[in-house]
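Undergrad: Please build the complete structure, drawing on both the sequences and the hints.
Protein chains in written order, with our numbering: chain A, 283 to 507; chain B, 283 to 507; chain C, 2 to 232; chain D, 2 to 232.
Fair warning: there could be bad hints in the mix.
[Said to hold, decoys possible] Now the in silico label distances, taken between C-beta atoms and shown as ranges:
#1 A/Val499 to C/Glu207: 44 to 50 Å
#2 D/Arg152 to A/Asp319: 30 to 36 Å
#3 C/Gly93 to A/Ser322: 53 to 59 Å
#4 D/Val20 to A/Ser322: 32 to 38 Å
#5 A/Ser443 to C/Asn150: 37 to 43 Å
Just so you know, the hints here were simulated from the structure itself, not pulled from any lab data. We put the beta carbon where it would ideally sit given N, CA and C, even for glycine.
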Amino acid sequence: MSGPRLSLTDMARRVSRDIPSGAYVNLGIGMPTLVGDVVSPEKEIVYHSENGILGMGPAPAPGEGDPELINAGKQPVTLVPGGSFFHHTDSFMMMRGGHIDVTVLGAFQVSEKGDLANWATDEVGHPPAVGGAMDLAVGAKRVLVLMTHTTKAGAPKILSSCTFPLTAAAVVDRIYTELAVLDVTRDGLVVREMVAGLDREELQARTGARLAFADDVLVLEPGAV
Amino acid sequence: MSGPRLSLTDMARRVSRDIPSGAYVNLGIGMPTLVGDVVSPEKEIVYHSENGILGMGPAPAPGEGDPELINAGKQPVTLVPGGSFFHHTDSFMMMRGGHIDVTVLGAFQVSEKGDLANWATDEVGHPPAVGGAMDLAVGAKRVLVLMTHTTKAGAPKILSSCTFPLTAAAVVDRIYTELAVLDVTRDGLVVREMVAGLDREELQARTGARLAFADDVLVLEPGAV
Amino acid sequence: MPARADGEHVIDKRVGSLVDAVADIRDGATVFVGGFGNSGIPVELVHAVLDQGARDLTLVTNNAGSGETDVAALLRERRVRKIICSYPRSSGSIWFEERYRAGELELELVPQGTLSERMRAAGAGLGGFFTPAGADSLLAEGKEVRIINGRRHVFEEPLHGDVALIKARKADRWGNLVYSTAARNFGPTMATAATLTVVQVREFVELGDLDPECIVTPGIFVDRVVQVEAS
Amino acid sequence: MPARADGEHVIDKRVGSLVDAVADIRDGATVFVGGFGNSGIPVELVHAVLDQGARDLTLVTNNAGSGETDVAALLRERRVRKIICSYPRSSGSIWFEERYRAGELELELVPQGTLSERMRAAGAGLGGFFTPAGADSLLAEGKEVRIINGRRHVFEEPLHGDVALIKARKADRWGNLVYSTAARNFGPTMATAATLTVVQVREFVELGDLDPECIVTPGIFVDRVVQVEAS
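TA: If you want it as structure tokens, here you go:
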């Protein structure tokens, strides 16, 4: 797709600005993990991993680290001072029980009601897998979705209703794409920010749900988010 | 009440013989705690206390010990090597979840079906209290009741049906009194052992449920149990 | 994720006084109080609530106090509307008995394991559970009973608190906690199930001093920690 | 409660070999296998089951194996009838995919938190629970759904195992366990919910060497422990 757009780094950086210092944060696998790399070092964030870690730190130096100390994406990580280990059931208490302040998730589709579809497509024969997506989606205090605005084929991923199987209904608070930042409100989707050079009609054309626009839509400058 | 009878120590000793080495055991407050004092030192028993202890040991020497290390009866205790501490929810997982091999409980009444009444009487105005009795009664693998055969007034405590509020239905496996050892079976109560010098009619007269007698009723000699 | 050099914007759940620790507890609040018998009771925090003045409280606690301190003092001073409890009656529970007999105190009696499990369900984001404990008893009256695998079970609802007052042994500035022997009892579960979890500890330690394998309550469940050295 | 001088009749859950550790696992058994990704998998115990020969198994495990080892090897050798799992598909899960596509393997897909919570319910003697996780999804189909506090919840049943195979770091002869970092994952919960809990550990220690404040799995949940030094 051509036209103005944010880079992945810009997108991750934009999400990171919405994570307050002191927050307990769970980053979904894939694109959301980039957010951890760009969070301001002035913030003290406690990262949670579903497999039983609070206070997850960055990857160890090559050849170092504990091979069993991994994140939800099965990559090696470290533990920061103040971190702790606990078992899976306790870890999911944290997720389902409303103790995680912010989660950033990838998605296949999000509806204007905040329905989230991020675990299965309509592909047949593909064996399904769900992991911790449903527990996290229903339990986190704030659910942020970071995804491309459309599929590679150009089909909209933000829809009036999801066509893929739901992960959870009415859970998404905010959506971040390479084109815009959108809030899910009671009155539907509200565009808060748009990439510089994109016009409203173009954004609406790439979206499968009716968009409202905030009174003061902010401009996102690529490379300067 | 006159006539042949076992002492409390005899009764506790008799119960202790039915506790196998290696068992995880929870002793109820009151009379059952005596059992811990008379268990053969050749047995290795792991005592559980509902407030979060496995491997509970005897009372500390006077003036020693940790004032917060107490048993379910709120008396100071110690921890043996191999013991551990855990929180209340985990402790009751052990009790309700079938992990305690044997519990010894006191009772107001037991029915011929093994119904247990050990938390409330029919006294009115008396504020109620239940504690961990119900969780323990439904969850322990074997529920042994240690109690006097009758009330101080001579009324039977072993009945065809309990008149006091139930703790749990059909949970008691065996009853130990100063007069006899009785099993709760599908066909009702079966007397396995009786104190020396007591005859069957006398035992039946002091019992509010129909008794059957084992083919080989053993004799319990006071002072030599 | 380093702390800022100027010490701002870092996570620091330590508060300097008991007054700060119990600030903003509102009248009518549901307050969890940890402890079993005299083990693990956050005595100083409860007395701070007494001084703070909140009333019309619903207390959730295993025992209903004894003598004149902590929970008994709240009962004596008529700060408590209702108590949710497993074993209120004990030697010395005179204020509980006084208020109960006078009809001034509502009592919800809950089997001890169910009490703990109901709080856990709230902390775990569950909608309730079926337990066999109490299913054959008067305490199941008015509740949904279901036969599961041939056994009666009673449906029990999650029990959420506005405030949890608990006692631990050590804490760091993130609110990570370790406890002391059997004083642990209800603390770890209560911490998960209250909107505001307040902890009194004997000792503060530096971040990183607690073994990550041995932390019992991760700081995510803790909001305020105050030091009470002699407790 | 001293041990006898002759060493008999004491509690000793240590077994001398992997063969002894997995003895008596029957065809048709429900077997929990700990681990998440490659962290905490009891590889040697699973291979011992392969050698032992039990078949027609129902496996309960978070992932469905990858490459040619452990769970993947059981699938390759057609020992598994059904897998209860949250995330079977991963890079390298070739044997899972092969057996699944061929229709030779039944899959019960369960949200990860629900999988863990269902095992906990079994270990805790509960009859089931309501969770919001998955209640809006296909995975709730055929299950009881109830609105609780305005939110859809789905009823989930306890999940009991005949055997749990888990991995820990250290054990004593009573079966008390401590784990290693994130390898803890499903181990403590699985240990509570199986009739026979078998543990492979890196190291045996003397009774009393493990800090009673830091024991994660008390020995009451453990039946057999075998040492696998290099694991």
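Undergrad: Would you mind marking each hint as holding or not holding in the structure?
TA: Verification of the hints:
no., hint, result
1, A/Val499 to C/Glu207: 44 to 50 Å, "46 Å, holds"
2, D/Arg152 to A/Asp319: 30 to 36 Å, "34 Å, holds"
3, C/Gly93 to A/Ser322: 53 to 59 Å, "55 Å, holds"
4, D/Val20 to A/Ser322: 32 to 38 Å, "56 Å, violated"
5, A/Ser443 to C/Asn150: 37 to 43 Å, "40 Å, holds"
Violated hint for the displayed structure: number 4, the only one.
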